[in-house]
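**Q** Here is how the chains run, residue by residue.
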Amino acid sequence: MNVVAPFEGIGASVRRKEDLRFLSGRGQYTDDIARPGQAHACILRSPHAHARILKLDAAAARAMPGVVAIYTGEDTKGLGGIPCGWQLHNKDGSPMAEPRHPVIAEGKARHVGDPVAVVVAETRTQAKDAAEAIEVEYEVLPALSTMKEALAPGAAQLHDAAPGNLCYDWHIGDKAATDAAFARAHKVVRFETTNNRLVPNAMEPRAAIGDYDPTTGEHTLWTTSQNPHVIRLLMGAFVLNIPESRLRVVAPDVGGGFGSKIYHYAEEAIVTWAASKLNRPVKWTCDRSEAFISDAHGRDHVTTCELALDETGKFLGLRVDTLANMGAYLSTFAPCVPTYLYATLLSGVYSLPTIYAEVKAVFTSTVAVDAYRGAGRPEATYLLERLVDVAAAETGMDRVEIRRRNFIATDAFPYQTPVALQYDSGDYFSTLDAALETAGWAGFEARRAEAAKEGKLRGIGISTYVEACGIAPSAVVGSLGARAGLYEVGTIRVHPTGSVTVLTGAHSHGQGHETTFAQLVADRLGVPLSQVDVVHGDTAKVPFGMGTYGSRSLAVGGSAMVKAMDKVVDKAKKIAAHLLEASVQDIEFDRGTFRVAGTDRTKALAEVSLAAYVPHNYPIEELEPGLEETAFYDPKNFTYPGGCHICEVEIERDTGKVSVVNFTAVDDVGRVINPMIVEGQVQGGVAQGIGQALMEQAVYDESGQLLSGSMMDYSLPRAEDLPMVSVANHVTLCTHNPLGVKGCGEVGAIGSPPAVMNAVVDALREFGVRHVEMPATPAKIWNIINAGAQRMAAE
Amino acid sequence: MYDFDYHKPSSVADAVKLLSADPDARAISGGQTLLPALKHRLNRPTYLVDLSGIAELRGVKREGDKITVGAMTRHIEVQNSPEVKSAIPALAYMATVIGDIQVRNRGTMGGSVANNDPAADYPSAVLGLGATVVTDKRRIAADDYFQGMFTTALEPGELLVAIEFPIPEKAGYAKMRNPASRYVMAGVFVAKTKDGVRVVVNGAGPGVFRQTDMEQALSANWSPDAVAGIKQASEGLNSDIHGSAEYRAHLVSVMAKRAVTDAG
Numbered sequence: 034m035n036v037v038a039p040f041e042g043i044g045a046s047v048r049r050k051e052d053l054r055f056l057s058g059r060g061q062y063t064d065d066i067a068r069p070g071q072a073h074a075c076i077l078r079s080p081h082a083h084a085r086i087l088k089l090d091a092a093a094a095r096a097m098p099g100v101v102a103i104y105t106g107e108d109t110k111g112l113g114g115i116p117c118g119w120q121l122h123n124k125d126g127s128p129m130a131e132p133r134h135p136v137i138a139e140g141k142a143r144h145v146g147d148p149v150a151v152v153v154a155e156t157r158t159q160a161k162d163a164a165e166a167i168e169v170e171y172e173v174l175p176a177l178s179t180m181k182e183a184l185a186p187g188a189a190q191l192h193d194a195a196p197g198n199l200c201y202d203w204h205i206g207d208k209a210a211t212d213a214a215f216a217r218a219h220k221v222v223r224f225e226t227t228n229n230r231l232v233p234n235a236m237e238p239r240a241a242i243g244d245y246d247p248t249t250g251e252h253t254l255w256t257t258s259q260n261p262h263v264i265r266l267l268m269g270a271f272v273l274n275i276p277e278s279r280l281r282v283v284a285p286d287v288g289g290g291f292g293s294k295i296y297h298y299a300e301e302a303i304v305t306w307a308a309s310k311l312n313r314p315v316k317w318t319c320d321r322s323e324a325f326i327s328d329a330h331g332r333d334h335v336t337t338c339e340l341a342l343d344e345t346g347k348f349l350g351l352r353v354d355t356l357a358n359m360g361a362y363l364s365t366f367a368p369c370v371p372t373y374l375y376a377t378l379l380s381g382v383y384s385l386p387t388i389y390a391e392v393k394a395v396f397t398s399t400v401a402v403d404a405y406r407g408a409g410r411p412e413a414t415y416l417l418e419r420l421v422d423v424a425a426a427e428t429g430m431d432r433v434e435i436r437r438r439n440f441i442a443t444d445a446f447p448y449q450t451p452v453a454l455q456y457d458s459g460d461y462f463s464t465l466d467a468a469l470e471t472a473g474w475a476g477f478e479a480r481r482a483e484a485a486k487e488g489k490l491r492g493i494g495i496s497t498y499v500e501a502c503g504i505a506p507s508a509v510v511g512s513l514g515a516r517a518g519l520y521e522v523g524t525i526r527v528h529p530t531g532s533v534t535v536l537t538g539a540h541s542h543g544q545g546h547e548t549t550f551a552q553l554v555a556d557r558l559g560v561p562l563s564q565v566d567v568v569h570g571d572t573a574k575v576p577f578g579m580g581t582y583g584s585r586s587l588a589v590g591g592s593a594m595v596k597a598m599d600k601v602v603d604k605a606k607k608i609a610a611h612l613l614e615a616s617v618q619d620i621e622f623d624r625g626t627f628r629v630a631g632t633d634r635t636k637a638l639a640e641v642s643l644a645a646y647v648p649h650n651y652p653i654e655e656l657e658p659g660l661e662e663t664a665f666y667d668p669k670n671f672t673y674p675g676g677c678h679i680c681e682v683e684i685e686r687d688t689g690k691v692s693v694v695n696f697t698a699v700d701d702v703g704r705v706i707n708p709m710i711v712e713g714q715v716q717g718g719v720a721q722g723i724g725q726a727l728m729e730q731a732v733y734d735e736s737g738q739l740l741s742g743s744m745m746d747y748s749l750p751r752a753e754d755l756p757m758v759s760v761a762n763h764v765t766l767c768t769h770n771p772l773g774v775k776g777c778g779e780v781g782a783i784g785s786p787p788a789v790m791n792a793v794v795d796a797l798r799e800f801g802v803r804h805v806e807m808p809a810t811p812a813k814i815w816n817i818i819n820a821g822a823q824r825m826a827a828e
Numbered sequence: 364m365y366d367f368d369y370h371k372p373s374s375v376a377d378a379v380k381l382l383s384a385d386p387d388a389r390a391i392s393g394g395q396t397l398l399p400a401l402k403h404r405l406n407r408p409t410y411l412v413d414l415s416g417i418a419e420l421r422g423v424k425r426e427g428d429k430i431t432v433g434a435m436t437r438h439i440e441v442q443n444s445p446e447v448k449s450a451i452p453a454l455a456y457m458a459t460v461i462g463d464i465q466v467r468n469r470g471t472m473g474g475s476v477a478n479n480d481p482a483a484d485y486p487s488a489v490l491g492l493g494a495t496v497v498t499d500k501r502r503i504a505a506d507d508y509f510q511g512m513f514t515t516a517l518e519p520g521e522l523l524v525a526i527e528f529p530i531p532e533k534a535g536y537a538k539m540r541n542p543a544s545r546y547v548m549a550g551v552f553v554a555k556t557k558d559g560v561r562v563v564v565n566g567a568g569p570g571v572f573r574q575t576d577m578e579q580a581l582s583a584n585w586s587p588d589a590v591a592g593i594k595q596a597s598e599g600l601n602s603d604i605h606g607s608a609e610y611r612a613h614l615v616s617v618m619a620k621r622a623v624t625d626a627g
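Protein chains in written order, with the working numbering: chain B, 34 to 828; chain A, 364 to 627.
Think of the hints as simulated: they come from the structure by calculation, not from any bench.
Some clues are possibly wrong.
To be verified - Subject to a maximum C-alpha distance of 27 Å in a straight line, what follows is the list of computed BS3-like cross-link-like pairs (lysine-lysine):
1) B:K600 to B:K50
2) B:K690 to B:K669
3) B:K600 to B:K669
4) B:K486 to A:K594
5) A:K402 to B:K161
6) B:K393 to B:K181
7) A:K533 to B:K813
8) B:K489 to A:K594
9) A:K557 to A:K533
10) B:K220 to B:K347
11) B:K161 to B:K88
12) B:K813 to B:K486
13) B:K604 to B:K669
14) B:K574 to B:K600
15) A:K594 to B:K690
Kindly generate the complete structure, drawing on both the sequences and the hints.
**A** Now the structure itself:
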């Protein structure tokens with residue numbers, strides 16, 4: 034009987050293997066874990082943005098029911114500081130300022146939410162009660178809520194080790210060549226903008242449990258992390274001085290990260306350290322309100338940029354000057370976000386002969402700022418795509434034509450930009466054409482006129498983008514200041530009866546890896562999806578890994594799996610050759626079957642794996658038993674997804690409310706393994722991009738209090754705020770990884786904000802609006818309409 | 364959340380007895396405001412008196428020219444009530460736009476009106492329809508009941524048991540939601556009743572208030588255009604990161620116009 038199994042390999046929209054677990058409420062998240070005898074930690078956080086701790090009296094708190102221990106900075110000052118993963122250098126070659134980031138504040142608090150003391154108690158409520166009973170006397174110091182305040186002459190100093198509150202003053206590109214290009218420009222377009230500060234808000238708040246076994250000396254940390262091995266490395270080596278062999282880090286099911294769960298946080302070190310001090314497990318779970326003042330925020334750039342054009346509208350050069358907010362301390366990835374993930378993307382999809390960018394990173398008395406979905410690339414894309422629209426408006430060129438005229442030619446790949454990156458592949462004309470067609474760009478004016486009849490302002494906006502992901506070649510990032518390699522690790526374990534376990538150093542927290550990675554195995558080894566299991570998130574199970582961020586899991590982690598499968602197939606061919614009494618050169622392998630070329634003599638993978646583990650008839654002299662291989666894959670280059678997003682909005686004149694009525698995304702993410710999962714990733718990213726464009730903003734007041742410190746005041750998009758997003762792919766393959774994949778996790782959040790804002794500005798064109806800052810809230814838009822209407826009435 | 368004791372009486376009399384016995388006791392109806400406050404440790408009651416076991420507090424009745432809604436009637440029940448839908452469609456509509464489906468299945472009219480959050484929906488309908496707030500002790504006219512932000516005429520230990528709405532000739536409601544909390548940023552309830560026209564603003568100020576200029580304009584000419592040109596003064600209105608007092612004042616005119624347009 035010849036049963037044709039449904040195709041489950043590369044390109045099949047198979048349903049997610051993990052969904053039965055998640056949709057039936059059987060996910061196992063960190064907070065679901067209860068260790069026997071666990072105590073609970075509550076962090077007392079600074080209510081002030083910048084304050085000296087004059088006195089801390091915990092005597093009354095210690096006497097409260099259930100209190101096990103109270104720790105302050107005095108107790109943890111012997112520990113290492115929370116490390117930063119990147120070291121940038123100033124223009125003059127000196128290293129960036131890298132002040133100590135204490136686990137618990139040492140004499141001074143530097144943002145609202147900075148840990149000041151830790152209470153461990155029998156219950157969470159008792160820990161909270163005791164934390165309230167700790168008396169702290171503060172001397173309030175001037176808050177540095179904005180970068181402007183922090184950089185002002187005579188400003189208060191947040192860290193002694195960072196004079197002028199400056200972390201670094203960095204640059205990239207050719208200043209002289211760029212100045213020369215501006216000197217001969219026909220037209221210079223100048224533009225200033227702020228990239229709004231965002232609070233990530235993953236659905237699952239952070240949590241951590243520390244445990245310690247005094248009989249083995251092994252520490253275990255369960256944590257809501259995107260990269261358990263990285264946490265093991267950072268916390269073990271730099272903070273707690275625990276060898277890797279004695280430190281297990283488990284990141285079980287994790288409910289979203291968006292970057293905010295990449296970093297090593299103080300709470301992870303606190304529970305791990307306290308568990309070993311107390312000889313019992315210690316658990317901490319973040320409240321949502323606490324998350325607002327302790328999770329790393331995203332974006333927060335203030336930029337001035339200038340574009341030089343010739344008389345035909347060709348770009349001659351770009352100058353960019355950016356201030357990037359680091360917050361109070363350097364989070365794990367923070368220094369590289371506004372530099373190597375931002376300034377290197379400033380060429381965008383354009384042939385820009387010369388670029389010069391300067392970036393100053395600034396300490397402020399706010400929560401740390403680090404990578405958030407897209408990390409640097411949304412900031413670069415937003416800047417360029419708004420700038421190009423402003424340039425089109427000021428030169429009288431069509432918005433699409435100015436882009437086409439400056440696109441990197443499709444035959445120009447590999448394309449070396451003037452800011453370090455070399456794009457391997459892309460076809461910006463095709464993604465543009467496909468998006469224009471899908472979005473009905475040509476018919477827009479009729480829709481605008483129709484909306485006008487109902488009193489609505491309708492606008493359309495376009496964004497053409499490229500980003501760099503699949504991070505990253507270790508040698509390259511090492512030369513740029515990374516303190517770690519950025520390869521990935523995959524193990525393929527073929528069991529005796531032919532089922533497969535995949536061990537990956539990548540971590541799935543919503544991306545559907547358990548399905549996508551299994552499809553790679555199904556495709557290559559011909560094993561049914563139901564017999565492939567993906568294991569991730571535990572340093573005791575997975576040999577090593579660098580985790581999931583920067584849309585790297587498939588491009589780097591998937592490539593490691595392919596490499597490991599290559600090794601498995603190589604070995605299995607030798608076993609099959611032995612079993613089939615043929616020469617290994619004559620063995621062909623195709624989806625689960627080994628065949629002597631040109632014959633009908635075959636062996637199934639399960640027969641070969643059985644022989645590998647039951648080696649009765651086996652080439653034991655030449656081959657070890659077993660069928661399991663591990664590969665480390667270090668990418669040769671970044672990958673460069675790109676595409677075109679088109680957004681259509683309608684604005685209510687009388688309220689200023691902006692509604693996204695159409696959204697089209699045509700992305701080139703390279704080869705697509707599971708189209709359904711890719712579509713979901715793009716839609717989620719676009720939702721966050723629309724959130725940034727229209728709704729989200731972290732607002733600090735002058736005293737450093739976070740005004741948008743809860744869902745009451747921080748506007749997150751909800752389903753009713755979002756349109757159906759039309760998602761399509763136009764594939765050019767990545768040329769340097771074995772799968773030809775580029776990554777899809779961030780494209781939605783990168784490409785969409787400028788498309789939305791370009792549409793908003795287009796809708797407001799009758800009021801002579803040149804630019805609108807994100808987020809385009811109803812009140813802001815109404816003010817623009819109202820002022821414009823009054824101005825026109827006066828004229 | 365701090366520890367507290369919990370009581371679930373089955374009669375109004377028992378509930379009142381419990382609430383009168385301790386000034387730090389709190390009644391809980393749907394809990395949509397109180398529970399978050401408890402979780403944030405903003406409130407520390409000695410005990411909670413759960414009203415959900417009191418059958419007499421629940422349900423909608425039509426008697427003559429009035430609709431009576433029991434304090435424990437949930438928003439979803441108001442939304443789906445055939446009596447409310449036919450007699451005061453604006454009130455049924457209002458219930459459909461309170462919070463989200465979870466809130467509407469838990470929250471109650473009595474809880475909302477007793478709490479008198481300036482950004483809540485129901486107080487505008489109670490004042491706008493000239494309703495009567497019925498407690499265990501007395502009947503309070505809406506005009507006397509609302510006394511500013513989170514403040515009402517209810518005495519300590521006094522329990523709101525029902526609200527009586529006179530059936531209007533016409534009524535309408537329109538609001539702009541706060542983009543973050545989705546509470547009311549500015550809303551207007553309009554009603555044409557046998558005692559005259561009422562226009563009530565919610566969300567925009569520190570409490571619900573009547574917009575008398577609009578009432579006069581609509582008395583003379585019940586039409587959207589009659590209110591569209593009437594400006595609400597911005598003095599005293601709320602101003603925050605979501606919008607200035609001027610924006611809210613402007614929204615009052617816009618929402619008034621919409622409320623009249625939609626009135627039925």
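**Q** Looking back at the hints listed earlier, which ones does the structure fail to meet?
**A** Failing hints, ascending: 2 and 7.
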